[in-house]
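Enquirer: Sequence:
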Amino acid sequence: MDLRVTPFDHPDSVELIEAVQQEYVVRYGEPDGTRTDPEQFAPPRGLFLIGYEGGVPVASGGWRTHEEPPEGLRPGDAELKRMYVVDAMRGKGFARAVLAELERTASAAGHRRVVLETGLAQPEAIALYRSSSYTDIPKFGLYRHDELSVCLAKDLIAE
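Numbering (the UniProt record's numbering), first residue to last: 1 to 159.
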């Protein structure tokens, strides 16, 4: 898989973001309502990656920072968003590769911790993050009061 930094509003990004939103509709009955702005994922505030296999976009993920961190987050935390792998490409290690590159780039940008919010209806995602040394943190963001919400974090090693 070829990982490329890609604008959040690039057509390939939009295609995969729409696909992950449909995944949320299937699993939770509605898309993720968290506000995202393409500027949040533009360096140096953030980054968005697309993974290509044979020239076809098959995986995505990004990180962003907040001017004013939500309650429970630290200043400078990098928040992971829109991690996704198309159905036909799951189980090939693409999500792990995207996650590793997001962690690497967040660390290189000076961030000491990555955080994320996922949900109990995504056991594959939870398994990926836990097997990558993510641990539970207090819930934050739009779904902080949702019983299905799971928030995780990982301390990064400075590069």
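The reader is advised that the hints may include incorrect statements.
Here are the simulated distance ranges between beta carbons [to be verified]:
| # | residue 1 | residue 2 | range |
| --- | --- | --- | --- |
| 1 | P75 | P43 | 26 to 36 Å |
| 2 | R144 | A88 | 29 to 39 Å |
| 3 | G55 | D146 | 16 to 26 Å |
| 4 | V26 | A108 | 26 to 36 Å |
| 5 | G76 | A100 | 15 to 25 Å |
| 6 | G55 | S149 | 15 to 25 Å |
The list that follows gives simulated cross-link-like pairs (lysine to aspartate or glutamate, DMTMM-like), each with its CA atoms no further than 20 Å apart [stated by the list, open to error]:
| # | residue 1 | residue 2 |
| --- | --- | --- |
| 7 | K154 | E101 |
| 8 | K92 | E147 |
| 9 | K154 | D136 |
| 10 | K154 | E124 |
None of these hints come from the bench; they were simulated from the model. All residues carry an ideal CB built from backbone N, CA and C; glycine is no exception.
Enquirer: Next, verify each hint and record whether it holds.
Expert: Tested hints:
no. : hint                     : in the structure
1   : P75 <-> P43: 26 to 36 Å  : violated (18 Å)
2   : R144 <-> A88: 29 to 39 Å : holds (34 Å)
3   : G55 <-> D146: 16 to 26 Å : violated (38 Å)
4   : V26 <-> A108: 26 to 36 Å : holds (35 Å)
5   : G76 <-> A100: 15 to 25 Å : holds (20 Å)
6   : G55 <-> S149: 15 to 25 Å : violated (36 Å)
7   : K154 <-> E101            : holds (14 Å)
8   : K92 <-> E147             : violated (31 Å)
9   : K154 <-> D136            : holds (9 Å)
10  : K154 <-> E124            : holds (18 Å)
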